[in-house]
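> Keeping their order, the protein sequence lines are chains A and U. The numbering of the first sequence is our numbering, which starts it at 1 and goes up by one. The numbering of the second sequence is our numbering, which starts it at 442 and goes up by one.
The set of hints was computed from the structure by calculation and includes no laboratory data. Do not rely on the hints blindly, as some may be mistaken.
To be verified - Lysine-lysine pairs mimicking BS3-like chemistry, simulated, CA-CA at most 27 Å apart: (1) A:Lys142 <-> U:Lys640; (2) A:Lys59 <-> U:Lys601; (3) U:Lys531 <-> A:Lys266; (4) A:Lys48 <-> U:Lys601; (5) U:Lys640 <-> A:Lys360; (6) A:Lys59 <-> U:Lys605; (7) A:Lys368 <-> U:Lys640; (8) A:Lys254 <-> U:Lys532; (9) U:Lys623 <-> A:Lys233; (10) A:Lys142 <-> U:Lys648.
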Amino acid sequence: MHYIPNVLFAILLIAGFVFFINNFKKIVRNIKLGRPLNRSDRKGERWKNMAWVAVGQSKMTRRPFPAILHLIVYAGFIIINLEFLEIIIDGLLGTHRVFSFAGELYNFLIGSFEILAVLVLISVVIFWIRRMIIRIPRFWNKEMTRWPKNDALNILYFEMVLMSLFLIMNAADFNLQNLGAEHYVKAGSYPISQYIATLLPSNTDTLILLERGTWWLHVIGIFIFLNYLYYSKHLHILSAFPNTFFANLDEVGKLNNLESVTTEVKMMMDPSIDPFAAPAEGEEMEMPDKFGASDVFDLNWVQLMNAYTCTECGRCTSVCPANQTGKELSPRAIMMKTRDRLEEIGKNIDKNGAFKEDGKQLLNDYIKPEELWACTTCNACVIECPVQIDPLSIIIDMRRFLVMEQSAAPTELNMMMTNIENNGAPWQYNQLDRANWRNED
Amino acid sequence: MNAPTMAELATEGKKADILFFVGCAGSYDARAIKITKAFVKILNKAKVNFAILGAEETCSGDPAKRAGNEMLFQMQALMNIEIFNMYEVKKIVTASPHAYNTIKNEYPQLGGKYEVLHHTQFIDELIQEGKLEISGESFKGKRISFHDPCYLGRANNEYKAPRKVLKQLDITLVEADNNRSKATCCGAGGAQMFKDAEKGDREVFEKRTEEMLEVNPQIIATACEFCNTMLTDGVKMQDKESEIEVLDIAEIIAKDL
């Protein structure tokens, strides 16, 4: 009987991680549905970029106030979770505050966790106020439908509950230590919870019930949180790291060149190449089945990872000139729709073993051409994203499909392109007149 | 005005150090031609040994690429690269941030590797090297606000050169709230220049013009022909064209020479 809590804890621990790993594998599988893209180059620069952008949150500083709040929650999350290690050991062995032998250091740590917990609590409350009372517009764009809105709030409530549980647990512990209750070694310092402690009952049994109750809820809460990530925009706390590591390191103005197109264009331009010639040995002629992207399978894996990393903060959309002037385009919605479609395909695979054609695709069913054509390719969204997501690359890939596979560009653009093709300029002027400006005065 | 073509120089057995890539707007558009001429005036004044391509130049391919027509882009790019290489071009300067971006970033993979400069960078270089003397007189005391082009600023991280050039003048440089990497687009990029905007509340250029006018400039300085067109329209829409000029940095500097 004595071991029941330990066994229960072990089961919870294993279940929590197994469930998490299972979902994590699904995400990796879904991301791998994307086309290959080599981002294994420039390792040193990549580590540096990740350290700077993900660990150091350098891009958050573009908006200083939320950056400070976010930094507190982030630091709190990481540092307070040091205590999780102690919780795991205590839970498995039935010990209490197993690290307390560290003495002064332990006291210092527990003390700083408490202060951080309060700061996190305050930050999260301010976040809630920004979202619900001040109603900052980027939290209320039209793609912020019920689930995205609730998801964001769920996380805030979760943080509030976890931090409160942590402080109440410490307060009960503090009282129990002072009462000299058995098992409750005198350890830790409680700069915050000692005040909460005065509000608690003084009965030892009630206190133990409270301490154990909050301890278990805290533990269960952490496991729920861990497994909630998979369903949530909050996944960025993990994916921000690979996402910045594999981010584009070049100038954002540089779009990729489709190599498959280069082969074709060179063939068109060089009459000496025999289009029917067999490819040279060892050199495989790879003809893509299509140009551009109409579904998530046509995007590369980094773009799909981007979709899983998007935390729906809406900074991109808030700076998008098209969105600011009432156009249908929202870079955040591009990322959310890409993720929704990818999730749909993931579920399809779960159900059928392999993807079964569902008659849907990212283009039209999720992202409308009207959104794609509103983009000015200004890169504001790309620069603004705190985790280096590139919505523009998806927009361009989908435009490529519309233009090269379907000839479905807006009429004026078709005219522009015809002009370039015929006379090397987007307007109908004679190429021979290109230097005529020299003759005018 | 002295702006020979590479071909003209070749017949004289001469070679240029620098190619001035004029671009389509700079070649044909009446307003942009003024910018081209202003820049040529600067090049002449600084005695730069440059040439243009004239009829041998073709579109950089930027609007085609950004409209999604990779095929057409690469055709244009490869044609330009062939011509560039034929004249053994090493260094290219252009007044179009779009051509600048495309040639600098997207041509290398197709075999075209050159040193590419935006005209504001080149003017800055000429000033630093003492090849261009600026009196600073013509715009004395004026309030000038600079609009960062997306393809110079965000796309290529160049915010300093245009400002350094403007600061050579005896002016007050005022910054719109959204400046540098936060500068709002003029609305013309990504091939929008050539089409009507999608359905919305208003035009992007209206919004950007308003932002620029908030700091009460007497002159809005641009560094892109498309931005110039858009903001000129924006200023007209506000009936402010008699009070506020929209000028390219090349025009501002050329006036001061």
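> Now tell me, hint by hint, if it's right for this structure.
Each hint, compared with the structure:
Restraint check: the Cα-Cα separation between A:Lys142 and U:Lys640 comes to about 16 Å, which is no more than 27 Å; the hinted pair holds. With a CA separation close to 20 Å, the supplied pair A:Lys59 and U:Lys601 stays within the 27 Å bound. For a cut-off of 27 Å, the pair hint linking U:Lys531 to A:Lys266 stands: about 23 Å separates their Cα positions. Distance check on the hinted pair: A:Lys48 and U:Lys601 sit about 25 Å apart at the alpha-carbon level, within 27 Å; holds.
Annotation: proposed proximity of U:Lys640 to A:Lys360 holds, straight-line Cα distance about 26 Å (limit 27 Å). Restraint check for A:Lys59 and U:Lys605: satisfied, since their Cα atoms lie roughly 26 Å apart, inside the 27 Å limit. Between A:Lys368 and U:Lys640 the alpha-carbon distance is near 13 Å, which keeps this suggested pair within the 27 Å criterion. Under the criterion of a C-alpha separation no larger than 27 Å, the hint pairing A:Lys254 with U:Lys532 is consistent with the structure, at around 19 Å.
Using a Cα cut-off of 27 Å, the hinted pair U:Lys623 and A:Lys233 holds, with the two alpha carbons roughly 25 Å apart. A hinted pair counts as satisfied when its Cα atoms are at most 27 Å apart, and A:Lys142 with U:Lys648 qualifies at roughly 21 Å.
Checked against the numbered hints given earlier, this structure breaks none of them.
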